[in-house]
Amino acid sequence: MAALAPTSRMRCMYIFNRNGVCLHYHVWMRPHTTLSQQQDQKLMFGLLFSLKSFTAKMDPVGGNKGNLGMPSLPGQGCSFHSFRTNTYKLSFMESPSGIKLILVTDPRMGDLREALRFIYNNIYVEYVVKNPLYTLGQPFKCELFNSTLDQYVKTLQ
Amino acid sequence: MIVCVAVVGHNNNPLYLQSFIDDDNTLKFHYIVHCSLDVIEEKVSNSKRAGVNLNETFLGLLYPTEDYKVYGYMSNTKIKFVLVTTDQDSRDADVRNFFRRLHAAYVDAASNPFHVPGKKITSAVFAERVGNIVKSFGAPAPA
Amino acid sequence: MRASLRPSDPAVSPAIERVNAELFTLTYGAIVRQLLTDYEEIEEVNKQLDTMGYNIGARLIDDFLAKANITKCTDFRETADVIAKVGFKMFLNVTATVANWSADSMECSLILEDNPLVDFVELPETCQGLSYCNILCGVLRGALEMVSMRTEVKFVKDMLRGDDVFEIRMKLLEQMPEEYPYKNDE
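Protein chains in written order, with the numbering used here: chain A, 127 to 283; chain B, 26 to 168; chain C, 247 to 432.
Looking at chain A on its own, in the form it has when it is part of the complex (with noise of 0.2 Å):
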């Protein structure tokens, strides 16, 4: 668990992979869990999949229909990038090369996909995947890049 400020907004943040594998889950605040971590993961990758089949399907102005639940490209059809509950807001961000990142925050966060695209750009592909000792699709543990995204974070107040 990191240390953030209790006038934090943060609460928690995952990163996936196209293979459904969680490589990292991130807590700051998240007093309430019902599941185990391992179900809780599954629950909203499946979501995030559901929800972007759906999006692709409902849209109003888009090409591409495929049938509901059929597999698609990342990046095909619209891009679906956040919704809002009245406890929290659930922000998504996907890369083409399937990487899904993920993170819930206080309904008063503004629009956070600047901030995803940062964190995907700067932190994950510096400090995760030119690690010559991580290994692609699996889970990883890494210092420097908890270090670096608490202290981006912060400045997302």
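Source of the hints: derived by calculation from the structure; they are not laboratory data.
Okay, derived cross-link-like pairs now, SDA-like style, lysine to any residue, Cα gap no bigger than 25 Å in a straight line: (1) B/145 x B/131; (2) C/318 x A/177; (3) C/318 x A/252; (4) A/267 x A/253; (5) A/256 x C/363; (6) B/103 x C/268; (7) A/256 x C/273; (8) B/144 x C/271; (9) B/53 x B/143; (10) A/215 x A/155; (11) C/335 x A/248; (12) B/103 x B/141; (13) B/160 x B/26; (14) B/144 x B/129; (15) A/256 x C/301; (16) A/280 x A/211; (17) B/144 x C/368; (18) A/183 x C/317; (19) A/183 x C/318; (20) B/94 x B/112; (21) B/145 x C/406; (22) C/335 x A/254; (23) B/144 x C/407; (24) B/160 x B/149; (25) A/168 x A/266; (26) B/94 x B/83; (27) C/318 x A/205.
Starting from the known structure of chain A, fit chains B and C onto it as the hints suggest.
Chains B and C alone, transformed into the frame defined by chain A:
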């Protein structure tokens, strides 16, 4: 006119020798180059003894034989280049320039990952470049 | 593939670092020489270079997507263009041209007139079957696989073997959309 160009390694092992006259007697050139190695050794150790820290790569005229003049050049990695020419009045600047270009060609040939340091240079590209450098030796500098 | 060809905004995309070209060339030459010593058989070395390239490509793709600000990658034609103009420029500082498209747009060639990997290199007689730059084929294959395109990549023209350019033939075998990975419905 240049008659022979040679490259000798730091252990005095011959790396390359090419003669530019139609004479099958390359043995003669091997002999000349070999003798010039002694002269090079002497020049270098002389300058050390005199206390002069000679950083000079160009060693100038090594010794004249009856037909030829022999010039020497040694890189800081102790690779020696020897030039044998029949010209009686080569300009100093020309010879220096020659060695500089030869050194550059050698460096490129040595950078070939398939070249084994200490073994003879078998690169056709190097031979061609040396040929070109020799051909343009002594040509007047472009205006 | 929508890539921003304007200079990337440093606030979001990481700055592109440079390395000395000669250092890169000599390092690669040393790798090939070591592989030749370790494996002895030329075909085996070609395979190893391809495997190494594959592992590099699978990581390089994220770096590339980040630096070039690419959000979509679904069309093979567009992808080939971006590889040639942006990818090669970014990592090798050379531009390739795309040519020889097949009728069904599943195959194309990347033509390279300049290749920093082969500066100073001359293949000796004993290594005539060696595909010296095979690592590039692996890199392309690995990177494309991570964006859901399974491909076959190989050199058809090699300057070290006497041709006038380097020509890499890329063939798209299939596009693999994401499947729901969890088999049991829990």
